[in-house]
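Number of protein chains: 4
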Amino acid sequence: MISVALLGAGRIGALHARNLAAHPKAHFAALADAVPATAEKLGQELGVPVRGVDEILADPGIQAVMVCTSTDTHAELIERAAAANKAVFCEKPVDLSSERIRACLDRVSTSGAPLMIGFNRRFDPHLSELQRRLREGEAGEIEMVTILSRDPAPPPVSYIERSGGLFRDMMIHDFDMARFLLGEEPVEVHAVGSSLVDPAIGRAGDVDTAAVLLKTAAGRICQISCSRRSPYGYDQRIEVHGSKGMLRAHNIHTSTVELADAGGFRTAPVMDFFLERYTPAYRRELDHFLYCVASGAPPRPTGEDGLRAQMLADAATVAHQTGQPQRIPE
Amino acid sequence: MISVALLGAGRIGALHARNLAAHPKAHFAALADAVPATAEKLGQELGVPVRGVDEILADPGIQAVMVCTSTDTHAELIERAAAANKAVFCEKPVDLSSERIRACLDRVSTSGAPLMIGFNRRFDPHLSELQRRLREGEAGEIEMVTILSRDPAPPPVSYIERSGGLFRDMMIHDFDMARFLLGEEPVEVHAVGSSLVDPAIGRAGDVDTAAVLLKTAAGRICQISCSRRSPYGYDQRIEVHGSKGMLRAHNIHTSTVELADAGGFRTAPVMDFFLERYTPAYRRELDHFLYCVASGAPPRPTGEDGLRAQMLADAATVAHQTGQPQRIPE
Amino acid sequence: MISVALLGAGRIGALHARNLAAHPKAHFAALADAVPATAEKLGQELGVPVRGVDEILADPGIQAVMVCTSTDTHAELIERAAAANKAVFCEKPVDLSSERIRACLDRVSTSGAPLMIGFNRRFDPHLSELQRRLREGEAGEIEMVTILSRDPAPPPVSYIERSGGLFRDMMIHDFDMARFLLGEEPVEVHAVGSSLVDPAIGRAGDVDTAAVLLKTAAGRICQISCSRRSPYGYDQRIEVHGSKGMLRAHNIHTSTVELADAGGFRTAPVMDFFLERYTPAYRRELDHFLYCVASGAPPRPTGEDGLRAQMLADAATVAHQTGQPQRIPE
Amino acid sequence: MISVALLGAGRIGALHARNLAAHPKAHFAALADAVPATAEKLGQELGVPVRGVDEILADPGIQAVMVCTSTDTHAELIERAAAANKAVFCEKPVDLSSERIRACLDRVSTSGAPLMIGFNRRFDPHLSELQRRLREGEAGEIEMVTILSRDPAPPPVSYIERSGGLFRDMMIHDFDMARFLLGEEPVEVHAVGSSLVDPAIGRAGDVDTAAVLLKTAAGRICQISCSRRSPYGYDQRIEVHGSKGMLRAHNIHTSTVELADAGGFRTAPVMDFFLERYTPAYRRELDHFLYCVASGAPPRPTGEDGLRAQMLADAATVAHQTGQPQRIPE
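Line by line, the protein sequences are chains A, B, C and D. Take the first sequence: its letter number 49 is residue 49 in UniProt numbering, and every next letter is one higher. Take the second sequence: its letter number 212 is residue 212 in UniProt numbering, and every next letter is one higher. Take the third sequence: its letter number 120 is residue 120 in UniProt numbering, and every next letter is one higher. Take the fourth sequence: its letter number 140 is residue 140 in UniProt numbering, and every next letter is one higher.
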């Protein structure tokens, strides 16, 4: 049993908290939230004591900490937990600034504490199968990766304003997936974006519809497209072309029932959003973290993975703003 | 070039006539129809001379005859054409009476003339591929065959009244397909039927919705279902289960375009009816007939195939009427 | 919180036990099994006390009992639990004898205790959606129902010998589904069966491949096929044709990943077996039982549903053995 | 009957020639080819007289000319045929130089002769249905268009060397389709390309794998990807996202037969190449040309469509070579 504390009891924190409470190999030792009532409510639901962050980090009985607080607090909490010699799981992103991430990773590295970044999609059973089969060579040498992500509906503009923009907030998952699948670092980014879904998003200086081209040193190409609107559900598709063929992951529909009538054949929309679509991914992500803490195996995705995805998001943001393709620093 | 005459210029006759006129290995020598105006119209369209049946059969230059007249004239025309030493293609069925078919086949056999029966589905590229792959053992030993045929809409009751009933008129294609796929003769037939689509069909003594179970001596099972109604197009599916797996043939949709919106995913209906759905099958059927005439190879489906399908249709009709399963005479 | 005891800790009992232990509205008060070690092992895993059946039934604090013991004990345990004034959930079947079921239901009726029979498929989200949409008229008036069930591999012959035969052991789920979907009682059964998968099954007097035709008083037709072999996974499909169109439920595949290469397009097998395929169904089944106990609503499927399915299974068994279609007594 | 002559009897010329010979509304008056033997062979097959280009253009009885010669002769032949007052159909592209195209179109415009450019995909039944349904608003306001084209295998390097490069030779069809679907001119092009399929293509200065991003003045985005390799057949897919949903056109498979066994579910590859995949498109293209000649309706795609697609291909070529996005001149 690994003794784990969780910091941050918001939407994603509550999800991790429930998985943690149900996990047979975890002892859910404590939880904290900046808003005491939020922490209390979740603590009572799960029968977990609410404690302060300082107290948690000072408790030598707690082996691991899951950081699910607001983004601006991630880097500092990672550093403090690592300094306290705890294994750290942190929700993406480490920070909106690549420089800040780099500094954080340096400190974590010095501490020797293990750090895992929460790119949940790598743990989706289908996407991890896709990646495994690519590595096993079923599609041959990879030539082109196409990733499509479409959210059902845009978040509130208030959220958009603090999000770092679509490339950092939403497409960062796709940048991580691109790296995960390509098996090679992108060196060049082209980006185009528009505000077509909600003019208020444009007025807030962001885009809601965007597409990116990545190219690696070996010449492999990756297409990514994102939208904040998808009337038929949370669209999450990946397609990889290689010298021997194509491997792709389809969407998951909400039902297997089909109607055929004079209007044709109708099947159900796809799963509605990430909490539902990636439920098994979040469980498997936690499994991996706990396994690594127990076994001493280095967890993945690493802090470096978090940094690399952020650098791609930064470069895409600049590419979109300047209209000029950007090179990715090594 | 094979010199061919065609008897009967109705719906199915006209279809064969157009294929014959376009066929590079056929000389379309003459056509006849009981209704002179029908023959004239088609003859002018295709540039083919209209002649009388007697004249056609007496012409030694004509090597082959395609019989597409009304069912009640098939057996006699086959006999006369065979006696005149012509290769004969006859649309199914040879006759509504198995005894009459048997007598006809005896006379054809005596004449030595080749006879092919028009079970077009055997020549559908997909269904013939299905049969070939079954023979090659891809599904292993066959255990169960399921055939589904649904017409878009019922024919006029006046047609139903002269048709011999659903089992002889419509399901006969499925009986032939069952034999084609099973590779073994059914020995037992169970049948249930109802008039659910159009009460007038029931009043005419027929059914419009029916299902049959066949069993072979080796214990293989075949399910057939037919309906005179299918709002989403002409439904034609076959599924075969064997010791190693399943082979099935899906429907063909009228379009590849799909719409996804808040109501889900919508694809087009399936092809509307047999003339459209089986266009390539009719062409390949004619190819086979002409190839056999030219090469001397025995054509298939044979007259015996026509007889066997009719015996199954007869047995199913009795099984439905009496409520008792019927044995198929050897 | 409903206080529930569970009798029988075998495969299906353990499944219900784990769902019960995790259910927020249930207090899992006790469990029992004829083999003490089996009960102890599960009790320790779930932290549930092991008690004797007599003790459980005598405990006035226990409101509900789930009967998951061997089939030959079901009827008596139902009667005793009902006499003790407990709500009863019983795994299918109540008994292999329809007479015994009828006697049991009479006693339960006298007691006034609620009784629910475990036909889990009715609670599958997809199949219950299918049934709901049929009732709402999306397919129009029902004309034909086709149900296909194929197990991945046959059970041991020792199991087959005590099972009551394929029609009672396996197809009983499909008979219940037929009644659930048709909305009308079948009045006639035709059955054919063979031993094609494993000759030892045939020697044990049973079949491993079977097909049935049902007909209702209104003339609706139902096709059911079952096999004890399915190399591509647990095949569970239903298709319903009505006057306005078709509603069908497809299989669930184990992965969304597809490979396209020179050999074509390949997708994953379907889910492997019922415990995996119907995981959500078992949870929803328990939800319904607990909801009914709490609210006083009458649970479904009822004892009468259990009896009706058993009568169809009996009739199919006789139909297969005699080669004669059977009428279903009212 | 329209009297039509065809110039150029190579692969695409022969295809048009066979469609022309079979067309009920065309009189195929003459054909010509730079290689007399090629012309003779096709002429004999189709029973069409072979004549010289000068003679054909001088014949007042010939109303229309189809230009299927090598690309470098297109512009001049168009100009001469237009000057001779004939309706002109010309295979894409008009020329590899946009300036030359512009000059040609000016002369054609002066002559008043109708000119149609052979972008066959607009006439594919599925793609034209897709465009029609977009115009009818089924997907709402268009936000993003994704076009994928993958050839089964690369052409000979000798062909590549004279082709103008992938963007002009292959992707030009996709540029035309983008304009056809977007309903608005792209104003900006980003392009990346690599030689991953065949190093000889790279040595010849071309790419075999490429992706492009287009953006319109209204901010609509189009992704195009092309490859010279596709092991599973000629991959031709289009997906359009709009404010109300997605409309997409799937591939056409070579067979409806599916095998399910222990390895999963396998379906056939997609149609092998453009002559097979777009057979109906070429027929409908000819229908449209002949209809326009007969009725006086202006044919589409116009010369301007040919010019616009070429400008996009030129801009993509420069974008790829310089690594800088290009603006499209108005």
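Hints listed in this document are in silico derivations from the structure and should not be mistaken for laboratory results. Don't take each hint at face value.
[Said to hold, decoys possible] Simulated restraints, written as ranges between beta carbons of each label pair: (1) B:Gly61 <-> D:Ala58: 54 to 60 Å; (2) B:Gly183 <-> A:Arg18: 54 to 60 Å; (3) D:Ala22 <-> B:Ser70: 28 to 34 Å; (4) D:Thr279 <-> A:Arg203: 37 to 43 Å; (5) A:Ala218 <-> D:Ser109: 46 to 52 Å; (6) C:Gly112 <-> A:Ser255: 36 to 42 Å; (7) C:Pro125 <-> D:Glu141: 31 to 37 Å; (8) A:Arg132 <-> D:Ser109: 55 to 61 Å; (9) A:Ser70 <-> C:Glu45: 53 to 59 Å; (10) D:Arg100 <-> A:Arg162: 37 to 43 Å; (11) D:Glu141 <-> A:Asp106: 46 to 52 Å; (12) C:Gln324 <-> B:Gly61: 54 to 60 Å; (13) B:Glu40 <-> D:Ala297: 33 to 39 Å; (14) A:Ser70 <-> D:Pro155: 40 to 46 Å.
The C-beta atom is built at its ideal place from N, Cα and C for all residues, glycine as well.
Hint check against the structure, violated hint numbers in rising order: Of the numbered hints, 1, 4, 9, 10, 14 do not hold.
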